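Colleague: If you want the building blocks of each chain, they are given just below.
Protein chains: 4
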Amino acid sequence: MRRILMHVGPSVGSYEVLLKSVKEDVGFGSPEFVEAMRSALEGVRYVMGADNSFTPFIIPGSGTSAMEAVTTFLREGDRVLVASNGLFGDRWRSILERYPVKVDYIGSEPGRSISAKSIQEIAESKHYRMSFFTQVETSTGVRAPVPELVKEMKKVSEFVALDGVAAVGGEESCASKWGIDYYVTASQKAIGAPPGAGISTVSGRLMENIPERSVSGYSLDLSNWKRTMESFLDGKGSYFATPPVHVILSLDYALRLAREETMDKRVRRHIASRDQIVEGIEEMGFETVAEPGLRSSTVTGVLTGKISPGDLLAASLRRGVEFAPGVHPALAGRYFRIGHMGWITEKDAAIAVHVLRGALKEVS
Amino acid sequence: MRRILMHVGPSVGSYEVLLKSVKEDVGFGSPEFVEAMRSALEGVRYVMGADNSFTPFIIPGSGTSAMEAVTTFLREGDRVLVASNGLFGDRWRSILERYPVKVDYIGSEPGRSISAKSIQEIAESKHYRMSFFTQVETSTGVRAPVPELVKEMKKVSEFVALDGVAAVGGEESCASKWGIDYYVTASQKAIGAPPGAGISTVSGRLMENIPERSVSGYSLDLSNWKRTMESFLDGKGSYFATPPVHVILSLDYALRLAREETMDKRVRRHIASRDQIVEGIEEMGFETVAEPGLRSSTVTGVLTGKISPGDLLAASLRRGVEFAPGVHPALAGRYFRIGHMGWITEKDAAIAVHVLRGALKEVS
Amino acid sequence: MRRILMHVGPSVGSYEVLLKSVKEDVGFGSPEFVEAMRSALEGVRYVMGADNSFTPFIIPGSGTSAMEAVTTFLREGDRVLVASNGLFGDRWRSILERYPVKVDYIGSEPGRSISAKSIQEIAESKHYRMSFFTQVETSTGVRAPVPELVKEMKKVSEFVALDGVAAVGGEESCASKWGIDYYVTASQKAIGAPPGAGISTVSGRLMENIPERSVSGYSLDLSNWKRTMESFLDGKGSYFATPPVHVILSLDYALRLAREETMDKRVRRHIASRDQIVEGIEEMGFETVAEPGLRSSTVTGVLTGKISPGDLLAASLRRGVEFAPGVHPALAGRYFRIGHMGWITEKDAAIAVHVLRGALKEVS
Amino acid sequence: MRRILMHVGPSVGSYEVLLKSVKEDVGFGSPEFVEAMRSALEGVRYVMGADNSFTPFIIPGSGTSAMEAVTTFLREGDRVLVASNGLFGDRWRSILERYPVKVDYIGSEPGRSISAKSIQEIAESKHYRMSFFTQVETSTGVRAPVPELVKEMKKVSEFVALDGVAAVGGEESCASKWGIDYYVTASQKAIGAPPGAGISTVSGRLMENIPERSVSGYSLDLSNWKRTMESFLDGKGSYFATPPVHVILSLDYALRLAREETMDKRVRRHIASRDQIVEGIEEMGFETVAEPGLRSSTVTGVLTGKISPGDLLAASLRRGVEFAPGVHPALAGRYFRIGHMGWITEKDAAIAVHVLRGALKEVS
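Chains as they are written, first to last, in my numbering: chain C, 18 to 381; chain W, 18 to 381; chain H, 18 to 381; chain R, 18 to 381.
Keep in mind that a hint or two might mislead.
Because identical chains share one entry, a pair is satisfied inside a single copy or across any pair of copies.
Okay, derived cross-link-like pairs now, DSSO-like style, lysine-lysine, Cα gap no bigger than 30 Å in a straight line [said to hold, decoys possible]: (1) K378 x K282; (2) K253 x K323; (3) K243 x K119; (4) K143 x K253; (5) K323 x K171; (6) K119 x K171; (7) K282 x K172.
What the hints contain is simulated information worked out from the structure, not anything from laboratory work.
Computed from a prediction, not measured in an experiment: that's the story for all the values here.
Please work from the sequences and hints to get the whole structure.
Modeller: Dropping the structure here:
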């Protein structure tokens with residue numbers, strides 16, 4: 018029987034999307050791929066709310082690869098600010114500390130978000146090359162108040178980088194309007210394609226500020242990929258390193274579906290599914306990890322009170338639905354997570370609630 | 018009509034292999050994936066001729082990512098030797114020069130290989146942390162005389178790294194027997210899976226020499242992936258960054274086919290196809306770029322004399338076969354390349370010769 | 018977004034099953050097909066509860082083709098009895114009336130079943146070559162009380178034919194135990210494979226009674242297919258007319274899954290889904306067309322009272338679930354049908370109830 | 018390694034076409050299917066050269082089912098003429114003899130065709146309701162001289178039926194121009210889709226002559242399917258018996274490709290492949306079964322002189338190509354057959370010749 022994946026890593030899947038990758042004898046220079054890449058790059062701009070002054074990148078790797086490629090824009094000795102809401106916010110720090118830059122860090126309680134005020138406090142009289150934060154913290158399901166944080170960061174840093182890995186495709190995403198300079202995501206989350214591609218858009222202003230000698234390595238140095246992406250956008254093949262051809266065939270199709278659906282409807286679909294799930298778990302007596310105003314539309318962390326989240330997960334899996342365990346150390350053993358992104362519908366939300374209700378009955 | 022890809026990047030494809038990646042609702046923690054990863058890691062050891070003292074790695078990215086991950090084992094100030102037979106040999110240098118290590122470099126004429134003697138000359142009284150070279154130089158089709166070069170490198174350097182990207186799966190590959198410490202390949206060449214995964218095996222001796230503070234970045238630092246790979250080898254899920262799940266489902270199947278076929282037969286199959294192609298092009302009055310003794314069994318560079326290689330490629334494409342252009346600057350406009358790896362058979366070789374013969378007639 | 022098909026024709030689908038049909042260059046004589054056919058024929062026996070004295074047939078066509086092939090066993094002038102619970106019961110009559118046999122017919126009210134008593138009444142002092150009836154009447158969802166009807170039919174006819182098209186794979190099916198001589202089904206209903214194959218098992222006693230000159234045509238004359246089926250059962254290829262090769266590759270896989278699941282568990286799974294759906298629609302104030310004791314586990318006809326079934330269907334389709342309209346003329350405009358067979362799970366049943374509830378709210 | 022099927026039953030396959038059938042939750046009433054059926058019916062007219070006065074039919078079953086459905090137009094006692102070039106010509110007789118019609122029969126030597134003269138001779142002073150013959154005799158590869166035979170048949174019979182099973186899609190096909198009344202084919206031969214659908218077009222004049230009481234059975238009675246086909250042509254769903262939904266999704270795609278390619282180019286492609294193969298086998302010292310003027314462009318029977326055709330077939334299969342054995346009893350043990358239809362290209366023809374040459378060397 019079909020198992021349903023409501024994990025937070027890969028999203029609710031789609032055979033239609035996966036089947037687009039089944040093309041033999043298509044290589045990185047074949048016309049089908051060149052067209053898919055061109056169209057996917059434009060799709061990336063669309064789902065990220067990035068106008069044509071932004072350069073889109075699709076590179077081999079994971080969301081983490083796309084995050085690390087920000088080093089393209091950093092010079093030895095640069096001072097940067099990391100504002101973290103949890104494990105994936107901390108990943109910015111882990112990456113940046115491998116490079117010769119100076120990292121300032123602020124964090125928040127699980128379920129809450131760093132605030133404009135906390136940025137004001139740490140930044141006093143300091144100036145940063147770049148500030149880093151996370152749109153949806155996958156470890157808890159908290160969505161940061163992006164516009165007000167960007168506004169504050171812009172006061173204290175030249176550029177702003179946002180990790181939208183668990184957000185883009187399911188949350189409102191407005192690179193241009195918000196003034197994001199480096200906006201990252203991955204193929205396999207709310208965009209709903211298979212994993213294998215790191216995705217970013219870079220503002221025109223940041224592209225003009227690629228340092229002559231950055232701290233970056235070789236394969237994640239976007240200045241190596243720049244010409245390649247420009248060439249694909251122009252409808253011509255180009256090579257720097259072999260792209261994940263078949264993943265991108267699926268990614269292109271997923272992004273076409275997103276354009277067809279429109280991001281407005283897509284965000285509303287994710288919100289409706291989230292609301293249906295939150296209502297369901299509250300009826301069971303559970304609470305969300307995220308404060309009500311900070312609930313993302315893609316991931317819900319569920320505090321299970323006296324019930325063991327591990328038991329609930331196991332009982333749900335026996336019913337054919339795979340949820341994700343909690344990973345935030347501060348809440349160890351107290352919560353689990355429901356991924357509701359990508360091709361999620363109210364039907365899947367109905368399944369999630371139905372299966373959880375059965376699982377709860379079993380383990381209570 | 019079906020086009021056939023005899024390019025050197027992606028290999029002759031297989032729908033059977035691609036279809037294995039069509040699995041909805043399989044994530045990086047799902048049992049199917051955990052088993053595929055375990056089995057693929059063992060398959061990597063098999064096709065690389067690496068015994069159980071080697072640690073296999075499959076990471077998101079390209080062959081270049083896997084090459085760059087060698088930085089896991091380098092410390093600031095280390096001296097290294099790059100021995101290059103062409104463009105992809107030069108890539109080792111391009112990567113290493115992004116890091117704070119000292120690079121010595123020797124090159125060769127196109128069609129020939131660096132020799133044991135040339136290593137003796139440059140290495141005189143020097144000692145290297147690691148030496149780097151390339152098994153099959155994709156830009157020309159030259160196969161290096163691996164065993165004798167390793168022997169010489171071992172005299173002058175602690176560790177030896179070999180780029181087997183265009184070789185592993187189609188050429189004899191003996192990590193253990195030859196004494197390779199870092200052996201790299203990618204999913205999409207002679208292994209015959211879709212691109213998206215960087216692959217390596219690391220000798221036990223090198224694994225024990227991971228420096229406390231290496232020069233590597235974050236996502237290509239294999240010390241971050243070590244625990245993950247060990248866990249998968251042990252049949253348990255683990256996470257550092259999201260792997261290209263569906264690519265690995267295909268990769269696992271391709272590696273299972275390789276084990277079933279046995280590497281002995283697989284190498285003989287590649288050699289037979291190469292011989293059939295070489296015989297065909299020689300009958301047309303063409304020559305291989307590689308010296309007779311250095312012809313790889315996976316890529317053949319073809320010098321076309323007075324015939325324009327571009328015209329031949331275009332005429333072949335009209336006949337439904339996509340060969341690869343030449344890329345070595347020293348031979349610009351004088352050759353093209355035939356990829357014959359992965360699922361190549363004598364039937365494909367017959368097509369290559371038939372189509373080229375027709376194309377030649379057309380453009381002569 | 019994925020639409021879910023809970024129609025009564027094709028069942029809840031499975032990509033896993035469909036993907037098994039994607040095999041290029043497999044013909045009716047290829048080893049993969051010969052093995053699939055052998056295994057599928059055995060699987061047919063298994064899901065029909067037919068022991069080895071029965072001969073299984075898989076022929077190109079639909080369930081109707083398999084029904085019509087019963088003419089293989091009829092001679093000009095034979096007298097037959099059709100006992101019908103609705104539209105698909107009537108189909109037996111429509112078929113038989115095209116042939117030179119004498120047809121007696123009894124029917125029932127929609128929602129109810131022909132009874133043992135009604136057979137006694139019509140059959141008084143008559144003797145039939147064969148009696149025909151229907152296990153699950155697709156037009157209403159009524160399941161006939163098979164064992165007691167067979168018992169009665171055996172008293173008045175030499176052979177008994179049962180249409181199990183909407184039943185086999187989801188209802189208890191016991192060809193041997195019940196004493197069925199000709200048991201029919203199709204690939205696309207509760208077995209859960211794509212349509213294109215007519216399926217039957219024939220008792221040893223009936224096989225021994227193939228008349229020298231039957232009334233049947235050519236391609237539906239099972240005496241033409243007999244040798245072919247015996248050959249496949251024996252693991253050898255054979256040809257009479259081209260079988261639907263790829264449909265059978267999927268069918269074989271679906272039947273393997275059935276054996277793996279076991280028919281016991283499979284029937285219980287269908288019953289659980291039916292119960293969940295019936296409970297749901299009763300909560301909405303609806304009733305089943307079938308009397309409580311005659312509810313099938315594969316199809317539920319739903320009487321919608323004052324609500325228009327057409328409006329409910331349209332509102333459900335907008336929510337992504339396709340139910341089936343009612344087709345029984347006596348209940349025109351008063352009911353619709355839910356198919357819950359094949360790969361149905363409690364998750365799909367939860368969706369059905371959830372979507373119907375939303376649709377009802379919309380149209381009330 | 019990929020095996021290539023150059024059998025005469027299923028044709029050279031296409032994964033692209035097969036993958037179109039992978040659609041879950043599409044039933045006979047779903048919009049995708051209704052559109053595919055509409056488009057496929059128009060495609061059938063196109064590949065058969067039938068103008069809009071012809072009614073196209075796509076029914077569940079095989080080519081034989083489509084042949085047998087001609088009984089829709091025959092009345093008890095009708096006199097018919099079968100002109101056969103071999104085994105598949107004889108099939109018309111086998112079918113018709115199951116019905117209460119009077120069958121006259123003429124045959125030809127293997128490799129040759131019935132002639133206009135032989136029809137004149139048998140028909141002397143007789144008049145037939147319908148004449149039947151075969152465009153390409155699959156058992157030998159002989160193509161009948163269709164236009165001149167039709168001309169002669171029209172003199173002695175009201176209607177003319179042509180079996181184009183091994184022809185349509187690869188041979189010139191002109192239902193309107195030639196004046197065919199009943200033109201049959203199947204999905205899996207030169208059209209290049211999977212098997213499972215019987216296909217026909219019926220002239221307006223014949224449609225107007227459906228007898229009130231024909232000799233046909235139920236599921237192959239086209240008067241039952243008429244309304245269904247008309248409804249689909251009109252873009253609306255309709256039901257008589259469940260069609261092979263997924264086979265038709267592939268069939269529609271194959272027919273779209275045919276329209277895109279144009280029948281002119283498609284026929285030329287088949288002829289070029291045939292010529293390449295004939296040239297190849299003649300170089301090996303073999304001859305075609307068919308007289309030079311009667312060689313079909315889809316099937317070639319090869320007389321192997323002193324070489325055992327069975328040995329050649331086995332040696333070819335070991336080289337990965339499956340040819341078809343000979344089946345004409347008059348030539349038993351003296352020939353084999355090469356199917357070159359559907360997606361055949363000069364590349365496949367090159368393989369056929371290459372593999373046969375190797376096989377011949379092995380068995381000589």
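Colleague: Does each hint hold? Answer for all of them.
Modeller: Results of checking the hints against the structure:
1. K378 x K282: between (35 Å within a copy, 22 Å between copies)
2. K253 x K323: Between. Shortest inter-copy distance 28 Å satisfies the 30 Å Cα cut-off; intra-copy 59 Å does not.
3. K243 x K119: This pair counts as both: shortest intra-copy Cα distance 26 Å, inter-copy 27 Å.
4. K143 x K253: neither (44 Å within a copy, 46 Å between copies)
5. K323 x K171: Neither, since 43 Å and 62 Å both go past 30 Å.
6. K119 x K171: Within. Shortest intra-copy distance 18 Å satisfies the 30 Å Cα cut-off; inter-copy 39 Å does not.
7. K282 x K172: neither (33 Å within a copy, 64 Å between copies)
Consistency with the previously given hints fails for numbers 4, 5, 7, ordered from lowest to highest.
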